[in-house]
Amino acid sequence: MAKILIVDDEANIRALYETELEDDGYEVRSASSAEEALDILSKENFDLVILDIRMPGENGISALEKMMVKNRDLPVLINSAYPAYRDNFLTWLAEDYIIKSSDLGALKKKVAETLEKRGKA
Amino acid sequence: MNRTKTKTKMLDSSEDSSAVVILFGEPFAKCLEALECEGFRVIRADEGFEPNSSEGPSAILIDLSAPEARSFASRVMRELPTVPRILVAPEGEKVPEEDAEAFAYIHRPFTPIEVLDLLRLAVESGEYIREERPCLEVLLGESARELMMNSQWLTAILDNLPYGLLLVSNEGRVIRANDGFLALSKIESIEGSGLWSEIAPWNRFPQLAEAFAKCLDRGEAVKNILELEDGGFLEALFVPVMTNSHSAGVMMLFRDVTSDEASRHRLNALVDIFDEGIVILDREYKFVWANEIFQKMFGVGEGFIGQLCRTFFKEKTDFCKGCTVKDTFESGVAQRCFQIVTLDDGSVRTFEILTGPIRGSEGEISEVIEIIRDVSDRERVVSALANTKERLENTNVQLTRRIDELAMLMELSDALQAVDNLDENLHIFLTSVTAYEGCGFNRAFLFLVDRDNNSLVGRYAVGSSNPEEAGRIWRELASHEVKSFSEALATYRKAVADSDMSAASLIRAMSFDLADEGRLLVKALRDVSTRIYKNARSDPESRDFAELINSDSFAVIPLFAMGRPVGVLVVDNIITKEQITEEGLRAVRMLAGHASLAIERGILTSQIADQYEKLQTAYAKLRENQELLLRTEKLSAIGKLAAQMAHEIRNPLVSIGGFARNIAKHAPEGSNILRGASIILEETNRLEGIVDDVLSYSRGIKPNRKNADFNGLIARTLEMIEDQLQKSNIEVEVEFDEAVGEIVVDADQIRQVFLNLFKNAISAMPDGGKLRITTKSLGGFVWIEVTDTGVGIPGDYKNKIFEPFFTTKSSGTGLGLSITYQIIEAHSGMIWFTSQPDVGTTFNIKLPQERE
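Chains as they are written, first to last, in our numbering: chain A, 1 to 121; chain B, 1001 to 1852.
If you're looking for bench data, these hints aren't it; they were derived computationally from the structure.
Possibly wrong hints are sitting among the right ones.
Here are some, though not all, of the chain A residues that point toward chain B, as calculated from beta-carbon distances under 10 Å [claimed, not checked]:
{"no.": "1", "residue": "E10"}
{"no.": "2", "residue": "A15"}
{"no.": "3", "residue": "Y17"}
{"no.": "4", "residue": "T19"}
{"no.": "5", "residue": "R54"}
{"no.": "6", "residue": "P56"}
{"no.": "7", "residue": "G57"}
{"no.": "8", "residue": "Y82"}
{"no.": "9", "residue": "K100"}
{"no.": "10", "residue": "T114"}
Note that beta-carbon positions come from the ideal geometry of N, C-alpha and C, so glycine has one too.
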């Protein structure tokens, strides 16, 4: 069973994603900040990370850089309400950049594709 | 004077008796001389007088103030009772009773004359008494009174003479003075003055003593002018008084001649003021007088007075040839003559001499005055002036011509300035060349430089090539007396109004390449030289052009303005055959200067007009850009705010929508929960759509371009909304130009553009309609048209539809068309629209057809 880490400062969003992804049969953990996420990642292995950018404390892009330095193979899906961060080339390190939407269809589809590509589905 | 002489005679006649007069008292001393002069024998009583002597005295004179006088008087009265006694009493004393019988009783002061008169009377009466004793006293009294009166008359006459009069004896003793003399001498009386020369102020004048001596010696009258201390002048005339051919004394007459002298001094001053020699000649042509200037003029020394002028001048000059002095003496008319004289210093001078008569008291011409003026310089000036005058007259003729030319130029200049139109100006110029006096050529051709085509082009011509027509115009012009340029112009225009201007058509066809330097006109322009061609047909250089304008003799004048060639003027006299001269061309050249400027100005004006148009366009563009900039700035501010809000809204929307979807997924079919969750989901979608719009707008449109099949892109977008189109009963018509192919665009953004346009079209056609989409490749651009048959865009909104947040819909952000506009602009394209209410709207898009 694939293991997914959700990083978002909004509790409601984390709750929604946990609910939906668990419904789809993934093992889901969540972190409310970049610092917490990096801490978790240093202790456990995950198959995929869903990462928000705009958060209090360290932002998602900075966290993504650290994650990639540690494990270049870890697929990270950036999930931001704001499309402008695409201009920052660091976001190109991520597997993909998906704009937040109440319709999680696009996100879920990407998650499935990514895991399937890595043989983790 | 006559009177004095008469009296002397009277005395002479009564002198036979040698009357003896006895004097008693010193004061009579001054009478002594007078008495002796008159022929009396005087016996001084104090020199031994014997009353009883046989020769009794004729009269006795007693000064009562002398010592012993009274006793002497008594004795005389006792011993010689018949001898008349003349008693002299001190001033103011009354006649005492004892003296009542005296012949006369006189008071001091008295004059010897008075005494003399009384004595004569007394002697005569004494003789009478001796003979006619009884009547003596009566007669004596009357005579005495009469004599007294005569004496007083004499005194009155003398005193009232306008002269100062002084009678002086040979010895210089004062005999008598009148009041006038006392007044002139400023003394009260001459009492006590023995000698006249002791009377102040006459003793101050030594010349008077000389005059006195001269008068006595020669028996001639002597005149002197005395200058007084107060600046006045006195004339002193000394006249000898003769008695029995010997001099008895001098009568001195004094007269105030101050005013005469002043006049004389003024006259002298006057005579020397003028720089003219003045001489007076008498009838014998001798110098009577000459002023100082004359003396200097001829270097005349003293002693020339009285010399014969002719002799005097003969020594030095031939002054007398043509002299008018003689004429003046004879005719009595003033004359004028000129004399050329070689002076001592060798210089030759010209003198103008005026001679005028001076008439004596009887009207006879006694003297001639000559006024001599040195006119040598004047003569030179006059002859120089005569030369100058001649030259001036010549110059004047030339100047008059120049002034006429300048006047014409001024008028031409004014006319040219007044008109801004090049054609009009050139017409004025050519007209003035052919019509106006001073130029008056038969024909004028104007070629202008065409800088764009580097050629010289025939532009205008004035004048007729038809001799008859030209003759008519000339006659018409000649019949008008033209005064001003504008008149000339008007007259000329009238004259040529309906004439055949064949010269004009002749020239229009001519054009010369400026690079072809073999051409006559091009050469003239290059050489900057005006040339007159005669017998042009026989000269290989000018033959071709002569044939072109059909003229054998003409002038070529290049026109320059501000150093740049602007054209060439050609003039000829094909009708009148008049020779073209340099002089005739001068006026034309001046005109040409003005015309060149007008031509240049015309060219510049048209260039400025072009520039102006370009500037107008640039300005419009600038305005547009400025508006765009303003809008962009406005949008930028709005965008930032919107982005902030959108971001804050999106997160909650994700939760809301996400859970609603989750709920809907688990809710039983047909349940209220499902319906509620669906509504939440729907509203969330709408809100998320708004947030998408706002965010993409505020983010700015940075196309991420890649090659894309443009027609396919539109087709796929249509597919995206196929459902809605069907639902709205809209027919779609597509006409794609295959030549459009792939172009480099941001596919997402272009999709967004068409999505917006299609959605708007759907909204505009709630009751169905037709949506037509065409693409066309043309001129490096792709032209797209999106046409609906909807309600159209109301005129009021036409300027606003591309503004952000403008919407006519009840829902939506109003950002759709604004984003569309920005995307197209970001692709260097253009979008615009045309719309008619209830007919429909067409959006046009133009994009560069570029490929990577």
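Outcome of the hint check:
no., hint, verdict
1, E10, "holds (5 Å)"
2, A15, "holds (8 Å)"
3, Y17, "holds (8 Å)"
4, T19, "holds (6 Å)"
5, R54, "holds (7 Å)"
6, P56, "violated (13 Å)"
7, G57, "violated (17 Å)"
8, Y82, "holds (5 Å)"
9, K100, "holds (5 Å)"
10, T114, "violated (20 Å)"
Going down the numbered hints, you'll see the structure goes against 6, 7 and 10, while the others check out.
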